[in-house]
Amino acid sequence: MPAPWTRTRLRAAPGAAGALALLVALTACLAAAFPRALDRYADAGLSRAVEQVHPGQSSLQISADPGLGRKTADQEDALRPESVTGYYESIVDTVGSPLAVDGSRSAYGVRSTSDLIATEEWLPRPDGLPAQMVLAAPNDLAGHARLRSGRLPRVTGGPVTASTGRVEAAVTEETARTLRIEAGSVIHVHGRDELAVHVTGVVAPRDPDGVHWSVWSVLRTPSLVRTPGGDPNAPRFWRGGLLLPPEAAPALLGTDGGPMRYWHLAPDTDALHGRDLDRLSASVASLESGPGTERLRSTLSPFAEVETGLDAVFTTYDRLRGDIAPLVAVAASGAGTVAAVVLLMTGGLAAGRRRAELALLRARGASLRGMTGRLLAETAVVALPAGALGLAMAVLVLPGARLLPALGAAGAVTAVACLALPLRAAAAHRAVRVHDGRRDLATARPSRRRTVAELTAVALALGAVELLRRRGATGGSGDLVSLAPVLVGVIAALVLVRLHPPVLRGLARPAGRLRGAVGHLALARAGRTSVSTVLPLLALLTAFTTAAFGGSVLAGVSDARDRAAVLAVGADARVEAASGPLPTGLPGRLAHAPGVRGLTEVSIAYQAKTSDGRQSLPVAGVDPEAYAALAARTGLGGFAPDELTRRDGSGDVLPALASSMVAERFGTQPFPVRMEDGTFVTLRITVVRDRTPALFRDDFLVVDRSGLSARAARPTVLLLTGGGLDADALRRAAGDGASVHLRSEERARYVDSPLQSGAERVYTAAVAAGAGYAALALLLSLARAAPERAALLARLRTMGLTPAQGRRLLVLESLPQAVPAVAGGVLTGWAAIRLLSPGIDLTTIALAASSPSTVPAQLRADPWSLAVPAVAVLVLTVGVAAGQAWWSGRRGAVTELRAGDAR
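Just so you know, we're using my numbering here: the sequence shown kicks off at 4 and counts up by one.
By construction, these hints were calculated from the structure, which means they are not laboratory data.
Where hints are given, some of them may not hold.
[Said to hold, decoys possible] Beta-carbon label-pair distances, calculated as ranges:
#1 Ser86 to Thr122: 52 to 58 Å
#2 Thr11 to Ala430: 21 to 27 Å
#3 Asp80 to Pro231: 43 to 49 Å
#4 Gly740 to Gly131: 31 to 37 Å
#5 Gly160 to Pro238: 39 to 45 Å
#6 Pro101 to Ser760: 46 to 52 Å
#7 Gly161 to Pro238: 38 to 44 Å
#8 Pro127 to Gly160: 51 to 57 Å
C-beta atoms are modelled at their ideal positions from N, C-alpha and C, and glycine is treated no differently.
Whenever a hint applies, use it, and build me the whole structure from the sequences.
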């Protein structure tokens, strides 16, 4: 009984089968991990966007009256906790999927819409006006606050009605401390009937920043407000909150507070998914002014209102995601292209190694369909379990994301791995051949089909580049833009494949006149056309372009953050007085702080006045030598120290460095400036710069502080330089009278969304994966030619070739292919960046959404991203060639010179 084909082949080459399984598993894992990582970053970014805003923006605020025009008894029933709680459950059902409500963070209850005047004389009256109180009956006070003194309020006796004249309440610690309220205090508020509120306890919020306490912060913290009218000098009064038990809510009907039911629903951030953004936005829009509003009004009251800031949060998040997504797609397309090329090369290598075997099968009557089917089954037995293993690894490592995109990515990888060998073999053995002749010579010109395909690729690349330059890297530019860097690499690969062999053959002729046959033989062999050079070159150039593009993106992001942080701080650290000058001994203490290498004293007068006395103009007094060195180091408006030094014979006129706006206003004529201490100085603008380390404004003046009065020259700001600055040590030395800002802390603040950090990690992973697959492609191309090279060295050794000449031959043979690939890769990467940079803005991924975009983050070619891959390819190529020559020299020539060997 004949043995099964698949089992026989796997047993015959277990190493090749294991290597294919490892490659497919790794590639499938990376492919499946990519969409899952994007899902996780998108979900985390949306959750962070909702969590960062004030609860008043992130919550759904629903309010309804107790029933205008209804009987008092019916209104009392509407305000009781059973009714309010029942409506809460109905509202939650109305919200529905995908916007889930977090019940533990939501709040509901009854509160007064108008402040009620408290008549107690012992309450603070800063300008003689009585305090005003907001009465609220929130749900579950015990669950949202800790009791500090007294007891929680409750209702004793019969049910509370609108005619009840006495209720109990609690206050927060801040309210008790500010308004001098304690347990046992009684506060009377006026209404139709006077209501006495007996304070029974003081509580502390468990989550002061949560929805329960932050939507109406007056319930947590009293505020000092002015009487309406807009007069900045209007009298002030205190406004505080009293917390009633839910059962006492009907008592508000007897006051002039206008009771209102409220439901503040906090979204469940763990249930928010970036993929549901459109549905989330539609759900919020429906609740604000759509079918959801109509359902709420039919349930609660015709005058029910819904307010939320979630729509603005979702819009901001969608804009950020839309700006980052195309950049991530560029990295993914580059790495994916290189990985696909490696899988195709693996199939091509296997088909080349088994060329004689497959040709013999065809010669003995095997049908093309039967041979292809057997090869497919042979490959699928290895690739399918490996692909499933890679998918399982990705799912285990990155839980909590969608399975379908990952399944599709892993399935695509597995399909390519399964089809590469059968299709390559089918293309090579369409016709039955007994002898193919030499396969290292150019026997025919490129076909018309190949020319058409190459021209099509050129047209696609040019279209993608032009589209990106016109529209920028936005979601509306289409998927073609994401492939633009890859297509540029594809075009370069096709051009090099066309030009490379003729150039090398032309160089081989003059090399033949040189002494020795090694150089001529190396160039002659390198110039012979081989089908195997197309895919390795495509992999190398695509990896080069992706690495250059991705590395330049990461470098541009880092540079933009560094620049923005320097602009925000002015040095490595900034110590600024809260008011007035800094303490006299502070500069000396800070100069000896850990990590401080330089210190520049600056006296800033923010309220200096111009000659008309109506406009303030900040003036910074500096030491010209130290400040010029700082400006040169930070790159913020460098200048020569003598440009701010008063020259002999200039009288009392001080040279000044000014911004463009100030220079345009005052010109070069002397003008007086009144300092904050009342003294006058006469300035003349001698230097114009757009930026300066001490001030972050469009209007500023910088002068030599030795020309100012002793009082005006006292330092108010210290600019520190150094590495490894200790923030805690600086803050301890500065004390409470000065603020300390570090450039490193400012830089870290620019990453406020997991979308930003996630995009950076994806780019780093894509560049690393592309580099790894490119190295593997290079090794596969060398491995395909290894048997032929080993046989060549064995034959040449019989003719007197020394081991040193053998190593030199293989190295020289590899260099004519590696050097053009490296040069073309560097040129392609640089050209792709120059062509695509006008349409790409890195500001979104570099800086936080809340940060002012003072520094446009543009894409520029990073020299390291171009040089490191080039050197790595050369080192790897030369190392592999030298290693192969060394290993061949250690082996005997008998095996390589067997009679009848096709090599």
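Results for each hint:
Separation of Ser86 from Thr122 is about 32 Å and departs from the stated range, judged on CB atoms against 52 to 58 Å. The given range of 21 to 27 Å is respected by Thr11 and Ala430, whose C-beta atoms sit roughly 24 Å from each other. For Asp80 paired with Pro231, a C-beta distance near 35 Å fails the hint of 43 to 49 Å. As the Cβ distance of Gly740 to Gly131 is approximately 34 Å, the hint placing it in 31 to 37 Å holds.
Between Gly160 and Pro238, the C-beta spacing of about 40 Å keeps the proposed range 39 to 45 Å intact. Judged by the Cβ atoms, the range 46 to 52 Å given for Pro101 and Ser760 is violated: they are separated by roughly 25 Å. The beta-carbon spacing between Gly161 and Pro238, approximately 42 Å, falls within the hinted interval of 38 to 44 Å. Between Pro127 and Gly160 the beta carbon distance is about 33 Å. The supplied range of 51 to 57 Å is therefore violated.
In summary, the numbered hints that this structure violates are 1, 3, 6, 8.
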